[in-house]
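Q: Please take these sequences and the hints and turn them into a complete structure.
If you read the sequences in order, they're chains A and D.
The numbering used here numbers the first residue of the first sequence as 1 and each following residue consecutively.
The numbering used here numbers the first residue of the second sequence as 1001 and each following residue consecutively.
Treat each hint with caution, since some may be false.
Short, incomplete list of chain D residues facing chain A, as computed with Cβ under 10 Å [stated by the list, open to error]:
(1) PRO1082
(2) ASP1125
(3) ARG1129
(4) GLU1131
(5) ALA1178
Which chain D residues stay away from chain A? Per the calculated CB distances, all over 12 Å, these [stated by the list, open to error]:
(6) SER1053
(7) ASP1126
(8) PHE1130
(9) GLN1133
(10) GLU1145
(11) ILE1195
(12) ALA1234
(13) ARG1322
It should be emphasised that the hints constitute simulated quantities derived from the structure, not laboratory data.
All C-beta atoms, glycine included, are put in the ideal place defined by N, C-alpha and C.
There are 2 protein chains.
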Amino acid sequence: MCQSVFHNRPDVKVTFSLINRSSQVPLARLIDEGELREQLDHIRSLSLTRGESTWLRGNTFYGKRQMFRPDFMEWFENLQLPPYFLERVGDQYELTFEGSWPEVMLWEIPALAVLMELRSRAVLDDMKRFELQVLYARAATKLWEKVERLREVPGLRIADFGTRRRHSFLWQDWCVQAMVEGLGAGFTGTSNCLIAKNRDLEAIGTNAHELPMVYAALAEDDETLARAPYDVLADWHEEHEGNLRIILPDTYGTEGFLEHAPDWLAGWTGIRIDSGDPVRGAENAIAWWKARGEDPMQKLVIFSDGLDEDKILELYEMFHRRVRVSFGWGTLLTNDFRGLAPDDALAPFSLVCKAVSANGRPTVKLSDNPNKAMGPADEIARYKRVFHVGKQERREVVV
Amino acid sequence: MCQSVFHNRPDVKVTFSLINRSSQVPLARLIDEGELREQLDHIRSLSLTRGESTWLRGNTFYGKRQMFRPDFMEWFENLQLPPYFLERVGDQYELTFEGSWPEVMLWEIPALAVLMELRSRAVLDDMKRFELQVLYARAATKLWEKVERLREVPGLRIADFGTRRRHSFLWQDWCVQAMVEGLGAGFTGTSNCLIAKNRDLEAIGTNAHELPMVYAALAEDDETLARAPYDVLADWHEEHEGNLRIILPDTYGTEGFLEHAPDWLAGWTGIRIDSGDPVRGAENAIAWWKARGEDPMQKLVIFSDGLDEDKILELYEMFHRRVRVSFGWGTLLTNDFRGLAPDDALAPFSLVCKAVSANGRPTVKLSDNPNKAMGPADEIARYKRVFHVGKQERREVVV
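A: Here's what the structure looks like:
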């Protein structure tokens, strides 16, 4: 995704901002500001190691060698992440990043992962040695019981999408290894490149909402705005093929997006369903493919919204005879400490880091769930009009 | 106990024998004979290290420094355990030890611990890495949940008696440390001297059935036999005071033992209840002390038979206002892997190693539970007559 931005919109200035959708979690009371600054400063001191660079240049991703072009790799190797702006406001932190898009976008994952892990550590700090051991024993058992249920279903395919909101790095690494042992070929890889490299796994990924959000914010008029979600995929189409051609249709409402989509998009490999009712999302995708003369059995639906093993099993059972199905399992894979600490102090929560403006203009996300929407009210109203979004069903956002 | 035997009956020749009371566990199919021999040979190669010897000589046990006399320590330092006799018979092992009593008696604990641990390892051998991790995670959680329940009760006092039937050495060590962190002063120590030494804990212990069993076997006539259980405690009385003066009354039936006991025994600190209905056992003890003019509130009842946290909490609740109460928690502290492996292959079982003869005469144990009785039928009948043992209630022996 970064390479795509680097080639197509390198000069766009963006602002990314931390958004704690779980305002009941008082991040600034839990995490010491000095410690947070230390971590963020440390992230700015990092650059690719020689081994990491060699791996990115030489490894096969999605069956393709040299996915990353030399000009991109050279830029990446010399990259230092831009400055951050941190301020405590009440019990929350305001944390923003400004600069050119390809640079700033790389802050999202480490910033979130650091905040999540510092919060975990703050809670762990008060625990004694055996309490700690048993905490991890319980978390391990909990994950393994999920794995034991999932591995009963042959054909299930699941990837790790849990980097940004993981409990901690070591815990994510453990979860990934448990998935490898438990699911074998049913575990299709991880979006954490370091773990993929260290554990010799497939590094996998897809495109995210920030692409259409920034393209849309840059649109000069309503007509360009209406075209923006397709323009971004046209650029993507130039760069990627096969299993990387996955539509993320919900940024401004899935139904309108599919209805107005150009025919070449129906030729893409699949659709990722990341908000709203997943059953309805998959039904819409199947109906759309049929309407465009495509065979759904040749198509891939990737579910990735707030998954846990029950939902995975239910969705697989419902759809695997009608379409190819895959799962991007995130927070409840790498951070399911629900119920394991007093006051549920380690439960995961909905922390995101989003592009909030591009070249000075606010971004907007509507999503298929109003609780995930973001942007100024007047812009939301405008986008709803432009994208023909009607009444939406509100769904609770847990993670 | 060994020092007592060393001073009082050093020349008695005894035979100790392995008895698997859980004959459904096919030990010889589970444990490789070569591996077992290797371990038993290794035990024979062991002697006290200098540090262990220094600790035994210099440490305080039950508030007493130099509990072990120099002649005993010198003998102990030069001890090599006598040979063992091992034969596979069907799916079980016959394992016996012969020689002088103070030497042979030291085989019991390592022989049992090795058999238990080899059985654990045999089951673990078939498990993969994450299965193993989760197995131990579950076992740790299980123990910790017991600790969490027990620590809710202030005043509860529990010691580790779980060496001989532990899952493994490292696991026992972990359990002991969990008890230390979880129960604090409520954890009164361990009967495993090595762990006590390494972890700076109280080494605790008491006397066992083998003392009256061997004394009784040596009795030339019924009159001497009837006196044997008291003779052995008279010898013990000479050597030990305070909290080491604990009566184990059930070898030939608790009720008869107490009824015919000499008055000086009522002056002892406490009674250990190791078979039969523990409530009845404690009630008998309390009634006996009262009948002998003693104040039960000054006396100690130690429960040690097949305890788990439910039984501990129940017995504590019933008796702690009427007598001092303590618990010797064994197998279900250090080996509660029930329900954690396929086919319950790691569940603890009732393996013992007992004195079966002394100077060529068979030993007998009646116990307060006929399922724990042992000895030739005619000798059992004779002992029942001599000790006035009537009808006994059968209770299932789990561990």
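Q: Compare the structure with each hint and give your call.
A: Results of checking the hints against the structure:
1. Interface restraint check for PRO1082/D: the shortest CB-CB distance to chain A comes to about 40 Å, outside 10 Å, so the restraint is violated.
2. Because the smallest distance between the Cβ of ASP1125/D and any Cβ of chain A comes to about 16 Å, over 10 Å, the interface hint for this residue is violated.
3. With a cut of 10 Å, the hint placing ARG1129/D at the interface with chain A holds, because the nearest CB-to-CB distance is about 6 Å.
4. With a cut of 10 Å, the hint placing GLU1131/D at the interface with chain A holds, because the nearest CB-to-CB distance is about 8 Å.
5. For ALA1178/D, the suggested interface contact is upheld, since its CB lies about 5 Å from the closest CB of chain A, less than 10 Å.
6. The beta carbon of SER1053/D sits about 31 Å from the closest Cβ of chain A, which is more than 12 Å, so the claim that it is off the interface holds.
7. At roughly 14 Å, the least C-beta separation between ASP1126/D and chain A is larger than 12 Å, which holds for a residue marked as non-interface.
8. Not every Cβ of chain A is farther than 12 Å from the Cβ of PHE1130/D; the closest lies at roughly 4 Å, contradicting the non-interface assignment.
9. For GLN1133/D, the requirement that its beta carbon stay farther than 12 Å from each beta carbon of chain A is not met, with the minimum near 6 Å.
10. For GLU1145/D, the shortest C-beta to C-beta distance to chain A comes to about 8 Å, within the 12 Å cut-off, and the non-interface label is violated.
11. Distance check on ILE1195/D: its Cβ is at least 15 Å (rounded) from any Cβ of chain A, clearing the 12 Å threshold; non-interface status holds.
12. For ALA1234/D, the condition that its CB be more than 12 Å from all CB atoms of chain A holds, with the nearest at approximately 44 Å.
13. A cut-off of 12 Å between C-beta atoms confirms that ARG1322/D is not in contact with chain A; the least separation is 33 Å.
The structure is inconsistent with the numbered hints 1, 2, 8, 9 and 10, although it conforms to all the rest.
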